[in-house]
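Input sequences plus hints: build the corresponding full structure.
There are 2 protein chains.
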Amino acid sequence: MFFLTPVLVAVVCILIVWIFKNGDGSSKRRKGEPRARAEVRPWVDEDLKDNTDLHQGEEGANDRQESEEDVEHIPFSHTRYPEKEMVKRSQEFYALLSKRRSVRFISSEQVPMEVIDNVIKTAGTAPSGAHTEPWTFVVVKDPDVKHKIREIIEEEEEINYLKRMGRQWVTDLKKLRTNWVKEYLDTAPVLILIFKQVHGVAASGKRKVHYYNEISVSIACGILLAALQNVGLVTVTTTPLNCGPRLRVLLGRPTNEKLLMLLPVGYASKEATVPNLTRKPVDQIRVIV
Amino acid sequence: MFFLTPVLVAVVCILIVWIFKNGDGSSKRRKGEPRARAEVRPWVDEDLKDNTDLHQGEEGANDRQESEEDVEHIPFSHTRYPEKEMVKRSQEFYALLSKRRSVRFISSEQVPMEVIDNVIKTAGTAPSGAHTEPWTFVVVKDPDVKHKIREIIEEEEEINYLKRMGRQWVTDLKKLRTNWVKEYLDTAPVLILIFKQVHGVAASGKRKVHYYNEISVSIACGILLAALQNVGLVTVTTTPLNCGPRLRVLLGRPTNEKLLMLLPVGYASKEATVPNLTRKPVDQIRVIV
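Heads up: the protein sequence lines correspond to chains C and G, in order.
FYI, the numbering for the first sequence is 1252 to 1540, going by our numbering.
FYI, the numbering for the second sequence is 1252 to 1540, going by our numbering.
Rather than coming from a laboratory, the hints here were simulated on the basis of the structure.
There could be a bad hint or two in this list.
In this list, chains with the same sequence are indistinguishable; a pair is considered to hold if it fits within one copy or across any two.
[Claimed, not checked] Subject to a maximum C-alpha distance of 25 Å in a straight line, what follows is the list of computed SDA-like cross-link-like pairs (lysine to any residue):
1) Lys1339 - His1329
2) Lys1433 - Tyr1412
3) Lys1531 - Arg1351
4) Lys1531 - Glu1323
5) Lys1399 - Arg1537
6) Lys1339 - Arg1351
7) Lys1433 - Glu1402
8) Lys1399 - Gln1361
9) Lys1521 - Ser1328
10) Lys1335 - Asp1368
11) Lys1433 - Asp1395
12) Lys1339 - Ser1328
In structure tokens:
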């Protein structure tokens, strides 16, 4: 009896510790992960980083391959300019685009809808992974909807700023306020909300993976910004942090669409100012090999 | 003595199990994670999805806030066109961009380097998160380096295609070969490799988080594509799968730069063809609210 007791106690202890550690470990991982992520990535928009599109695996891979091989190829015709004209065109386009600035002071004056349609059509000429064209441009003109969008964004922005600033900053609330009050969401005659379609639906009814959808839609946005600058309208490129799901529901977009960007569009207001920033010279952004 | 032994054994056992479980748990998590990711996301370029930029937390947040508030604001001046001219400009820009196609048949004829410089300067006018300008454009003209790039990309592409196709496809190797042979990497007079800088270095020597760097660099690429089309040069937007790290090392770029895109640039070759694809009409990509 006295000889067995230490062995028994040892076995019981091993079992207890084992059970305790296992239970603790799994609950720690399950509960701990989202919390750890929130702490480590305070400035990542969870909706933007939504990886829904990555979990479909290879479902659509064959569809894609087939569509690429089925399509007939036709001769490509293109305008070729003399060298001197190429140089001139490249200079003029640079001069036009280099005047573009992110403008937060937008006049309430209406803009021609034909122009808005044309700039969106231009954005739609962007290339996309496997020609999926995974973009939806929601043009909001309705003042009530614009105001609801403003309410959602300001609410989330306030939370973002207060969380981020911590105690030392919150003392000067008045100063901070300018950062999350987005008047342009009411005043701009048009808001363009750009959604990326993280997957599509194939003819078979199956989900079709949209490879590189975020990159494709961002490229389309780059072309949209160039098109807006070309017609003399201004905007500011915003990525409303954590507002995606609420704005998606407000605008009645399907769950395969995730908000990527919001552009308030209009004429610059007369008193518009911009930060006095400069851009890097070409030899700091370009390397020749 | 006999009374103390069970207690001693219990303490020793608890310690042994504790140490064993702790060691096991952490090694399990470290080894298991990358494998699980590789299985779930077979078609994600691991280098593109490199989240290095997300692990710095708030380190740079204050730097950003300060830099935004320190900058002086100046009046914004902008060209405003009459409404009729706006409509005309929007139509013309759409007409120009709608002729853009991804062209894989590129002539070996040299292109004016002044034009390449200007289109890169134009791309550099893109907006970026907190004005970080997180892009590097590597212009490769050297035929040996171009050929090394081709070797790396074709090697990886062959693996990608064979893995992806599975057995049923591999029977027709000849047909497949056309998919991973990238002749344009040798023939195009210029390759532009676009790297995103996932973080920068602040004046203090600390890492500076580059928020939304992938979106910013993709927007710059959209503007680059528009600028190329404007001068009559062609390209094809490629995202070489899994080649990023090798190409980065080949070109001697630092570890904070990740390859996002590769654009072979030149004149279209005379026999160039393109797939006979159409684009979605505007009412399929635009919603009005």
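Evaluated hints:
no.	hint	verdict
1	Lys1339 - His1329	both (18 Å within a copy, 22 Å between copies)
2	Lys1433 - Tyr1412	within (13 Å within a copy, 48 Å between copies)
3	Lys1531 - Arg1351	within (15 Å within a copy, 28 Å between copies)
4	Lys1531 - Glu1323	between (44 Å within a copy, 18 Å between copies)
5	Lys1399 - Arg1537	between (43 Å within a copy, 20 Å between copies)
6	Lys1339 - Arg1351	both (19 Å within a copy, 20 Å between copies)
7	Lys1433 - Glu1402	within (9 Å within a copy, 50 Å between copies)
8	Lys1399 - Gln1361	within (20 Å within a copy, 54 Å between copies)
9	Lys1521 - Ser1328	between (44 Å within a copy, 9 Å between copies)
10	Lys1335 - Asp1368	between (33 Å within a copy, 15 Å between copies)
11	Lys1433 - Asp1395	within (15 Å within a copy, 52 Å between copies)
12	Lys1339 - Ser1328	both (22 Å within a copy, 24 Å between copies)
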